[in-house]
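**Student:** Take a look at the letters that make up each chain.
Protein chains: 2
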Amino acid sequence: MNGAESLVRTLSGAGVEVCFANPGTSEMHFVAALDRVGGVRCVLGLFEGVATGAADGYARMADKPASTLLHLGPGLANGLANLHNARRARSPVVNIVGDHATYHKEFDAPLTSDVEGVARPFSDWVLTSRDGRSVARDGAAAIAAAMAPPGRVATLILPADASWDAADGPAPLPPVETRAEVAPEAIAEATRALRSGKSTVLFLGGPALREPGLTLAGRISAKTGARLIAQTHNARVERGAGRVPVGFLPYPVDAALKTLAGTDHLLLTGAKAPVAFFAYPDKPSALSPPECEIHTLAAPEEDVVRALEALADELDARETAPVQQPDIASPPGGTVSPDAAALALAASLPENAIVVEEALTGAPAFMSRTRGATPHDYLQITGGAIGIGPPLATGAAVARPDRKVVCLQADGSAMYTVQALWTQARESLDVTTVVLNNRSYAILKAELANVGANNAGRTAHAMMELDRPALDWVSLARGMGVEAGRAATMEEFDRQLDAGLRSEGPYLIDLVL
Amino acid sequence: MNGAESLVRTLSGAGVEVCFANPGTSEMHFVAALDRVGGVRCVLGLFEGVATGAADGYARMADKPASTLLHLGPGLANGLANLHNARRARSPVVNIVGDHATYHKEFDAPLTSDVEGVARPFSDWVLTSRDGRSVARDGAAAIAAAMAPPGRVATLILPADASWDAADGPAPLPPVETRAEVAPEAIAEATRALRSGKSTVLFLGGPALREPGLTLAGRISAKTGARLIAQTHNARVERGAGRVPVGFLPYPVDAALKTLAGTDHLLLTGAKAPVAFFAYPDKPSALSPPECEIHTLAAPEEDVVRALEALADELDARETAPVQQPDIASPPGGTVSPDAAALALAASLPENAIVVEEALTGAPAFMSRTRGATPHDYLQITGGAIGIGPPLATGAAVARPDRKVVCLQADGSAMYTVQALWTQARESLDVTTVVLNNRSYAILKAELANVGANNAGRTAHAMMELDRPALDWVSLARGMGVEAGRAATMEEFDRQLDAGLRSEGPYLIDLVL
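For the protein sequence lines, the chains are A and B, in the order given.
Per our numbering, the very first residue in the first sequence carries number 4; after that it's consecutive.
Per our numbering, the very first residue in the second sequence carries number 4; after that it's consecutive.
In short, the hints are calculated from the structure, not lab data.
These numbers were taken from a predicted model, which means no experiment stands behind them.
Any given hint could turn out to be false.
Said to hold, decoys possible - Facing chain A, according to a computed beta carbon distance under 8 Å, are these residues of chain B, among others:
hint, residue
1, Pro77
2, Ser116
3, Thr131
4, Trp167
5, Gly200
6, Lys201
7, Ser202
8, Pro292
9, Pro293
10, Gly387
11, Ala388
12, Ser443
13, Leu447
14, Val454
15, Gly460
16, Arg481
Unchecked claim - Quick list of simulated restraints, FRET-style, between CB atoms:
hint, chain 1, residue 1, chain 2, residue 2, range
17, A, Asp316, B, Asp470, 58 to 66 Å
18, A, Ala502, B, Ser506, 30 to 38 Å
19, B, Gly42, A, Glu214, 58 to 66 Å
20, A, Glu109, B, Ser333, 40 to 48 Å
21, A, Gly265, B, Asp171, 53 to 61 Å
22, A, Tyr106, B, Arg442, 30 to 38 Å
23, B, Ala449, A, Glu214, 45 to 53 Å
24, B, Arg461, A, Glu494, 42 to 50 Å
25, B, Arg461, A, Asp316, 38 to 46 Å
26, A, Ala502, B, Pro404, 41 to 49 Å
Even glycine gets a Cβ: it sits at the ideal position worked out from N, Cα and C.
Only chain A is shown next, with the shape it has when bound in the complex:
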């Protein structure tokens, strides 16, 4: 058995079932081992950002890591932007990167680079295997590192000779860290805040936005009057009719400040303190009021659910009925807009759908209009590195073939990782993509004014227009084997949405705004 095979057997043995791959020469032994081992499904992406973004989507829906397989420093570089998003989502990812044979590095062949240096800014853990006999143990360590709370990007670098040299066999998974218990003082401090009679917000992230954390938060809110607010961008939110309703902190700074105005106590519950996405001249970076006291109930890596249980016990709220989101049946229709599209989607969303949203300027409409739809998971862009939507939908669909995935996707950001559509076709994934085609980087038009660059002229505005030529999303999708249709009216959108939701494979709707 060679090093590569010992690694694939280690992955398989530890329950890593999927590898999102874009391999090259130095990864051929790993690829060859897949047939001999079995148990690891290898999903090909035609660009590395597809592989890393899919690994993020898979982890968010499977609650365990997939691996990637990337080719040397430049291949890793192409995957970094979505590793950044995965880290911000706190998704476990076993990021495997091939490198030149150890003895070949000194020759500085054309593809040589400092692979560890490339990995480090977007990895929580980095290791280069020394030789064939080390690979299995290093791989097991990488899996454990990825699974350590709250979920980490662990990069294992695999020199070609470590892959092809002899190994002893697979290695067992070492003990995986568990979430640290929250200190009783934190529970006591939160209890005092909630009993103070002052305006209190539970600021929710991670497990607090999923069952059973969500219902616990709902009970505490019902008992104490505390408001529930989620981070602006979240890895996964369980929401919809019958669930505990949680608003998202708005992205624009002024709206976020208004949302948090008057708050006396902010209880961080699986979230960090709210900050502005960007700095703007004359606007604050911190979004909570200066006089607000910030308390950490549970840090993202701590046992958030156990902390909510303990808090509910302290408050005698374990049996308090939480507020439930009512079913909202707004009549869809009207002219084409993100809002109308969101209403139409809310009316026809299949039960238990996975909604991936990288709608950017369209996001508020979708967040708001789908809140009373049938229960669903809502997955967002967590790190601001655009181009996550199509890969995230791909990975989510691989993780959950039993559920429909709907990807609400801005056109500008869709182009960064457009190659994901091909993987959706190849793997017959049940993803309906709605491209919100406004032929512009619409968000930048707003940001131009927000940063005070108001005196911009024609050249500057041309940098935000994608209409010369307009992208034809139906052609692009069909070019990658994905069925597609265009909608320029809401009637057409209803028909297209129906076709997409009925389809069992990938479908793309070019919604012309």
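Given chain A, put chain B in place with the hints provided.
**Tutor:** Chain B in isolation, oriented as in the chain A frame:
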């Protein structure tokens, strides 16, 4: 005047005429300044790898740097693979990357990352501007760093507040390093080798593959019998009928070893010693024979042309007529293959064309069959980071609007930066792309055997097949506004090639192999 405007004025003043951009919020002040300054053409790419690859292509054809404009760590990350190629091409690139405002970094907003850390593995020079008044001077230093021989990637990181804070005005370009003179001992050593009567090779790179270096090398070869061999992958080679013929060192290790077998002296002339692209079990990393003596006539950053002049003087070869490449008029035709396509192209290539080649398995046919075509420049993938072809062609066309660009492009690698087609349409660039559509990562099929992974099964082979579904390149091109046609026979290819070469804008031919 703010920092951003002082930078744009500094670029313009130093002769940097083009900015290949994919900006975001933190770059809005730079973008806004473009209208107020003029003199810098801003070319939008829909993915950062398009911008960096185009900057490489521009530099290779304009012999001066363009700038880029990228958005924070993840935007830079998306551009790294083609910065790697640019570095290996020794192309000067002024790589400008926005970052969060200095005071915002500590808040660890979602898009925060270690931008310097991201830049370092693929930059020769990295600097973060401290404040608005530093930006112009830092920008001028970046331009000088990029232009230092033999051409460097200089990354300037621009915090948002440095962009929007006040500045004093543009800064002048500091003195730019010139190429170091080669020591007389190196000339004397090369002279001794060439007069030794032993088998000698001039191993050529950089300026030795362009006029006047090329003719000087040709004269020395004619005088002494030394062979001329170019690096396997070069930034730019001037070649074709009437020019000094130079063979490329083959990519496969066995063929490369055979090419250099029996060589007693290897004279490095603007090139590094030849090494295998990858390591393979039981094959050497160094490609020259063990007993061969390697001499550095001129390192890549030294004055290669002056060294060749001095050497020709020593050998009394300044008037010796070099061998000239004869015009080869092979009859095109036959069944569809890279070889037939190369023959057809050789027969119809417009004078002074720029040929960009990322054909991978098709490369040997194109290298060989076009060597006697009408004079042209031949641009290759230098760093092995696939996905350079379409961006490189884009940048070359921006640099030289007077010349036809032909991009010979493998299908697998084309997908990495397919977004470049949109920029070609938007800027009406005169690029004819021939996609060599073999529906596979054909090069990996060969590499699987080369690395000794012969026991690969169905799963492994599936990782190299792109036929399920097949990519429809005509649809993809049209989706981005590029006219396109398909060729499944050589007659169709001739017609399509004629249409492409007659067109004054971008055109894509899907050549079905």
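**Student:** Interface hint check: Ser443 (chain B), Cβ to nearest Cβ on chain A, cutoff 8 Å. Holds or violated?
**Tutor:** Hint violated; Ser443 (chain B) Cβ to chain A Cβ min 11 Å, cut 8 Å.
**Student:** Please verify that hint: Pro77 (chain B), Cβ, nearest Cβ of chain A, below 8 Å or not.
**Tutor:** holds, 3 Å
**Student:** Tyr106 (chain A) and Arg442 (chain B), beta-carbon distance inside 30 to 38 Å?
**Tutor:** holds, 35 Å
**Student:** Would you check whether Arg481 (chain B) satisfies its interface hint, that is, whether its CB is within less than 8 Å of any CB in chain A?
**Tutor:** Hint on Arg481 (chain B): holds, closest Cβ of chain A at ~5 Å, below 8 Å.
**Student:** Grab the minimum C-beta distance from Thr131 (chain B) to chain A and call the hint holds if it beats 8 Å, violated otherwise.
**Tutor:** violated, 14 Å
**Student:** Can you verify the interface hint for Val454 (chain B): is its Cβ closer than 8 Å to any Cβ in chain A?
**Tutor:** Nearest chain A Cβ about 5 Å off; hint holds.
**Student:** With a cut-off of 8 Å on the beta carbons, see whether Lys201 (chain B) makes it to chain A.
**Tutor:** violated, 25 Å
**Student:** Tell me if the beta carbons of Arg461 (chain B) and Asp316 (chain A) are separated by a distance inside 38 to 46 Å.
**Tutor:** Violated, since Arg461 (chain B) and Asp316 (chain A) (Cβ atoms, about 55 Å apart) do not stay within the stated range.
**Student:** With a cut-off of 8 Å on the beta carbons, see whether Pro292 (chain B) makes it to chain A.
**Tutor:** At 16 Å from the nearest chain A Cβ, Pro292 (chain B) fails the 8 Å test, so the hint is violated.
**Student:** With a cut-off of 8 Å on the beta carbons, see whether Gly200 (chain B) makes it to chain A.
**Tutor:** violated, 30 Å
**Student:** May I ask you to test the interface hint for Gly387 (chain B) with respect to chain A, counting a Cβ-Cβ separation under 8 Å as satisfied?
**Tutor:** holds, 4 Å
**Student:** Could you tell me whether the CB distance from Ala449 (chain B) to Glu214 (chain A) stays inside 45 to 53 Å?
**Tutor:** holds, 51 Å
The structure fails hints 3, 5, 6, 7, 8, 9, 12, 21, 25 (numbered hints given earlier, in ascending order).
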